[in-house]
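The whole structure should be built from the sequences, with the hints applied where relevant.
These are the residues of each chain, in order.
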Amino acid sequence: MAWFKKERSAPEDQDRKKVKVPEGLWLKCNHCRAIVYRKEVERSARVCPKCEYHFPISVEERIDLLLDLGTFREWSAGLEPTDPLHFKDTQRYSERLQAAQQSTGKKDAIVIGEGRINGARVVLGVFHFGFMGGSMGSVVGEKVVHAAEGALRERIPLVLVTTSGGARMQEGILSLMQMAKTAATIGRLAEARLPYFSILADPTFGGVTASFAMLADVILAEPKALIGFAGPRVIQQTIKQQLPPEFQRAEFLLEHGMIDLIVPRKRLKETVSSLVEYF
Amino acid sequence: MREYLDFEKPIAEIEEKIEKLTATGQERPGVPDDLRKLREKLYKLQAEIYTGLTPWQRTQVARHPQRPSTLDYIGRICDRFLELHGDRLYGDDHAIVAGLARLSGRSVVVIGPQKGKTLKERVLRNFGMPNPEGYRKALRLMRLAERFNKPVITFIDTPGAYPGLGAEERGQSEAIARNLMVMASLKVPIVSVVIGEGGSGGALAIGVADRLLMLQYAVYSVISPEGCAAILWNDPKKTPDAAEALKMTAEDLLRLGVIDEILPEPPGGAHRDPTAMCNAVKKAVEPHLSALLELPLDELLRRRHTKYRRMGVLGGE
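These protein sequence lines map, in sequence, to chains A and B.
The opening residue of the first sequence carries number 0 in numbering that gives the first Met the number 0; numbering runs sequentially from there.
The opening residue of the second sequence carries number 0 in numbering that gives the first Met the number 0; numbering runs sequentially from there.
A few of these clues could be false.
[Said to hold, decoys possible] Below, in silico cross-link-like pairs of lysine-lysine (DSS-like), each with a Cα-Cα straight-line distance of 25 angstroms or less:
| no. | chain 1 | residue 1 | chain 2 | residue 2 |
| --- | --- | --- | --- | --- |
| 1 | A | Lys-87 | B | Lys-237 |
| 2 | A | Lys-239 | B | Lys-116 |
| 3 | A | Lys-239 | B | Lys-119 |
| 4 | B | Lys-8 | B | Lys-43 |
| 5 | B | Lys-149 | B | Lys-119 |
| 6 | A | Lys-38 | A | Lys-265 |
| 7 | A | Lys-87 | B | Lys-236 |
| 8 | B | Lys-237 | B | Lys-281 |
| 9 | A | Lys-239 | B | Lys-16 |
| 10 | A | Lys-105 | A | Lys-87 |
| 11 | A | Lys-49 | A | Lys-268 |
| 12 | B | Lys-149 | B | Lys-116 |
| 13 | A | Lys-27 | A | Lys-38 |
| 14 | B | Lys-16 | B | Lys-43 |
| 15 | B | Lys-281 | B | Lys-116 |
[To be verified] Among chain A residues calculated to face chain B with C-beta under 10 angstroms, some are:
| no. | residue |
| --- | --- |
| 16 | Thr-81 |
| 17 | Thr-89 |
| 18 | Ala-166 |
| 19 | Arg-167 |
| 20 | Gly-171 |
| 21 | Ile-172 |
| 22 | Arg-187 |
| 23 | Leu-214 |
| 24 | Ala-229 |
| 25 | Gly-230 |
| 26 | Phe-246 |
| 27 | Glu-250 |
| 28 | Phe-251 |
Please keep in mind that the hints were generated in silico from the structure rather than gathered at the bench.
We put the CB at the ideal spot given by N, CA and C, even for glycine.
Following this line, the structure appears as structure tokens:
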């Protein structure tokens, strides 16, 4: 009977990692693994028609989705990462940065600026997962701080959309310190009673979750987004037990009281807009 | 019984010789002279080995099972200590020790992870890896310190926050994030000492401080060298390279502006002379505490905020 078992025993995690968005007419869903028609996904704000999984979207798509068209003005666009540790693994960090900058057309993993949501001014920051896994180094930390300081200065709400693997290892301890730096600034925002909303998209982990992302006044998440502190593989290796189904999905976090709301992408703008009105 | 690290083998050999020679009786002619020579040799060798430690070797020293722990420092530095328990929300985490103490005539709140020394202790302490309730206990006591205007001293020695199922369910990230935010504007002085291993966010969650001191062979990093080697090199054998690349030694952190002072360790590391090390830590902490207590509150907070605001290295503009 062994040959029957073998077919099905591929662990979910390994399988999940292998799913990459292929070019062409068809897409494989990262969550339910159904093969779906690309056009249909694109028409529905990149949501899987079978399981409602929200595919990653670009920074530009995100800005268009949330803000009134053409209202976004980028801030601190000139900030660039450096290689303060002269970090080298199988490749130099400086080379990895160059490659990421070339492939994404961005200087680092976050874009910040101001714009309007149904007419109301907000500061918006959007992570770009495609830039070294949306990891937070000195530039990302600094820009989160710029966004919060801008919200303080202009006395308008702050909205941050996260997709990140966590702190950027190649900047070592300086990346870790961005957690303290961003959390400190969010504290100032709270003292000044300016509202801050975070939107956790798939995936949000490590140093980003464990700093400003979980400190928002209202925490929203996209359906099925993976959110956590430690990655599922690390946890599995540590506890040596099978993880429950849907572990670390947005629904799991909602169930455990860690987030306020799960909002489908199509209703994200109206939800944030009504939050802005409430405050 | 002393435990030796791999690179300490030559030290172990000489110490064994000394022991044997001592056992044969010191009255015999020539023995005192031989002993003296051996001790000199040992001293030189130890100094030689310890000046040339690689970052990975330092990590092993920082994790040495006999290295003085949070409870050792509390016991030897403080006149009295009353451990308090629980986060009032879920449970009491044995991986973090926290309580009230008297230090040179002052009341202080002391917090630090405890790894445990024997296997039984280690299991009880979860190898010094706190769960959310540990960080929330620390937070509760920090707020208590603030309310009653007592300075906070934290000792840092943890592999990291526990990556477990329950930890995720109970909000490990939220617990860490909350501590960072609260510590950044806590209205009393905070002095932290990295005594062993500073394991990423799990260490930072009790390490946002006005003054951050670090023992000479302690390490502090965004990820363990093992984790970094597994992710970036996909090869556990590259752990020493990862330790090197991460710039996680006390000298590195001083250069990067993350710590304020390096506390020299006794020859052969803190575990060779815990009493001397504890005294040195006490001597180093006191002046910082006194200086911070003299600052007006708004100045204290302004300096702490500026310190963290400046963290990082930027290009462009």
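- [ ] Tell me, in ascending order, the numbers of any earlier hints that this structure violates.
- [x] Numbers 5, 8, 9, 12 and 27, in rising order.
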